[in-house]
Amino acid sequence: MSLLDFLRPRPKNTANIARERLRIIVAQERATRDGPDYLPLLRNELLEVIRKYVHVGADAVQVNVERNSDGEVLELSVALPEAGKATGTGG
Amino acid sequence: MTETIVITSGKGGVGKTTTSASLATGLAQRGHKTAVIDFDVGLRNLDLIMGCERRVVYDFVNVIQGEASLKQALIRDKRHDNLYVLAASQTRDKDALTQDGVGRVLDELAADGFEYVICDSPAGIEKGAHLAMYFADRAVVVVNPEVSSVRDSDRILGLLSSKTRRAEKGEGPGPQHLLLTRYNPVRVEAGEMMSVGDVEEILGIPVLGVIPESENVLAASNSGVPVIHDAGSIAGQAYADAVARLVGEDVSMRFLDAPKKGFFKRMFGT
Numbered sequence: 001m002s003l004l005d006f007l008r009p010r011p012k013n014t015a016n017i018a019r020e021r022l023r024i025i026v027a028q029e030r031a032t033r034d035g036p037d038y039l040p041l042l043r044n045e046l047l048e049v050i051r052k053y054v055h056v057g058a059d060a061v062q063v064n065v066e067r068n069s070d071g072e073v074l075e076l077s078v079a080l081p082e083a084g085k086a087t088g089t090g091g
Numbered sequence: 001m002t003e004t005i006v007i008t009s010g011k012g013g014v015g016k017t018t019t020s021a022s023l024a025t026g027l028a029q030r031g032h033k034t035a036v037i038d039f040d041v042g043l044r045n046l047d048l049i050m051g052c053e054r055r056v057v058y059d060f061v062n063v064i065q066g067e068a069s070l071k072q073a074l075i076r077d078k079r080h081d082n083l084y085v086l087a088a089s090q091t092r093d094k095d096a097l098t099q100d101g102v103g104r105v106l107d108e109l110a111a112d113g114f115e116y117v118i119c120d121s122p123a124g125i126e127k128g129a130h131l132a133m134y135f136a137d138r139a140v141v142v143v144n145p146e147v148s149s150v151r152d153s154d155r156i157l158g159l160l161s162s163k164t165r166r167a168e169k170g171e172g173p174g175p176q177h178l179l180l181t182r183y184n185p186v187r188v189e190a191g192e193m194m195s196v197g198d199v200e201e202i203l204g205i206p207v208l209g210v211i212p213e214s215e216n217v218l219a220a221s222n223s224g225v226p227v228i229h230d231a232g233s234i235a236g237q238a239y240a241d242a243v244a245r246l247v248g249e250d251v252s253m254r255f256l257d258a259p260k261k262g263f264f265k266r267m268f269g270t
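Quick mapping for you: the protein sequence lines, in order, are chains S and B.
To convert, note that position 40 of the first sequence is 40 in our numbering; the numbers rise steadily by one, no gaps.
To convert, note that position 261 of the second sequence is 261 in our numbering; the numbers rise steadily by one, no gaps.
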C-alpha cells in the first residue's frame, strides 16, 4: 500500500462478493440440475406458501433430488428463523 | 490411440478458439499428430486464429455430407506438418452437423493415425456445442474469473456429465480441466478479481492452466499466429505449460503473482 492510498477511499473487495454469490447460486443450480424442470418453480411456490406463515429469507427453501436404486427422492428442507429473531432478506 | 478433447465454456468470448489453437499447436510442437476442428457452423473463426483462412476450400460440413473427402478438407498448418485444421462451414445452417456425421469424421481421423483431436466448441448449449462435447474423452473448460463465465462453466460441467457418449455408456464424464484466461494477478491481489483458488473451489475441478491477461494474445490473433508461438510472451509460456500438463507432465503454475513493486512505487503508487 502506498502513502497516497490512504488519501483515496478504499475500494470494496468485490472478488469476495462474487465468490459468495457464486457459491450460493452454483450450489442451488447443482441441486436441481439433474431433476425435473419444474423444480425451481416448485421451490419458489413453496417459498411463497411458507412466507404466508413465517418470515423466512429467499434461500430458506432448498430442494434436492437424490437418485438411489429404488428411484428418485425429492428432499425438501426449510430453514426456519430462530425464535424471537427477525430474518430480513426478503425478495 | 486417439484422444478427443473438447474446448468448451458455455459463455462466448472467453478464449475457446485462442485456447484450441494454442493447445493444438503445442501438442503438434511436441511431435503429436493433431487435428483441430471448428464446430461453430455459421461463425467460422478458428481458421483466422490459425492463420489459414485463405486456404479453406472444403469444410467440416462438406465432409459430413460427402461433398469432399476428409483429406481434401484438412488444411495442413504452415509451421507444423503434423498439425491440421478442419474449418467450420460459413454458409450452412447448424443442422448440417449430425451426430453420425461427426462420429464418422472422428473415426476416420483415428484411422489416419491422429493422436489428438481438439474440438473447438461454439458458445452456448445448442447443437454445435452438444456435438463438440459428445464424443470427447476429456474436456477443457475455459473460464474467465468473472461471475457469468463461472456460472456458465458449471452449467457446461453438468452437461458434460450427462449429455456425452461416455455418460450415456455409464463411463462417467472423463477427465475435466479448468483453464483460466484473462487472469490479472494485480487485480486479484487488490480484491477486484476472483483468484484461481476461488474459481477452482467453486467449480470443483482441477486447473490445467492459468493464462495471464496479455496484449500478446490480441497481437497473435491479429497476425494469425497462435500465441503459443510467441515464446517470449507470458501468455505463450502459460499455454506451453498447459500443454505439458495436458500430456501428463508435472509443471508448476507460473504468473499467478503480481510483479513486486520497488520502493518508490510502494511509497507513491502508480
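Bear in mind the hints are in silico, worked out from the structure with no lab data behind them.
Warning: the hint list may mix true and false statements.
[Said to hold, decoys possible] Residues on chain B that point at chain S, a partial pick, calculated with CB under 7 Å: (1) L48; (2) V196; (3) D198; (4) E200.
[Unchecked claim] Ranges of calculated distance between the beta carbons of each label pair, as one might list FRET restraints: (5) B/L256 - S/E20: 15 to 23 Å; (6) B/R254 - S/V65: 39 to 47 Å; (7) B/R254 - S/K52: 41 to 49 Å; (8) B/M1 - S/E45: 18 to 26 Å.
Glycine included, C-beta positions come from ideal geometry on N, C-alpha and C.
Under 7 Å is the threshold here; is the Cβ of B/V196 close enough to any Cβ of chain S for the hint to stand? violated (12 Å)
Once the shortest beta carbon distance from B/L48 to chain S is found, is it less than 7 Å? Check failed: Cβ of B/L48 comes no nearer than 32 Å to chain S, outside 7 Å.
Mind checking the hinted window 18 to 26 Å against the Cβ distance between B/M1 and S/E45? Check failed, 51 Å falls outside 18 to 26 Å.
Using 7 Å as the Cβ threshold, decide whether B/E200 counts as touching chain S. violated (11 Å)
So, B/D198 near chain S? Judge it on the closest CB pair being under 7 Å. holds (5 Å)
Within 41 to 49 Å or not, the Cβ separation of B/R254 and S/K52? violated (57 Å)
Is it true that the C-beta distance of B/L256 to S/E20 lies inside 15 to 23 Å, as the hint says? holds (22 Å)
Take the C-beta atom of B/R254 and the C-beta atom of S/V65, compute their distance, and say whether it sits inside 39 to 47 Å. holds (42 Å)
Checked against the numbered hints listed earlier, the structure breaks hints 1, 2, 4, 7 and 8; every other hint is satisfied.
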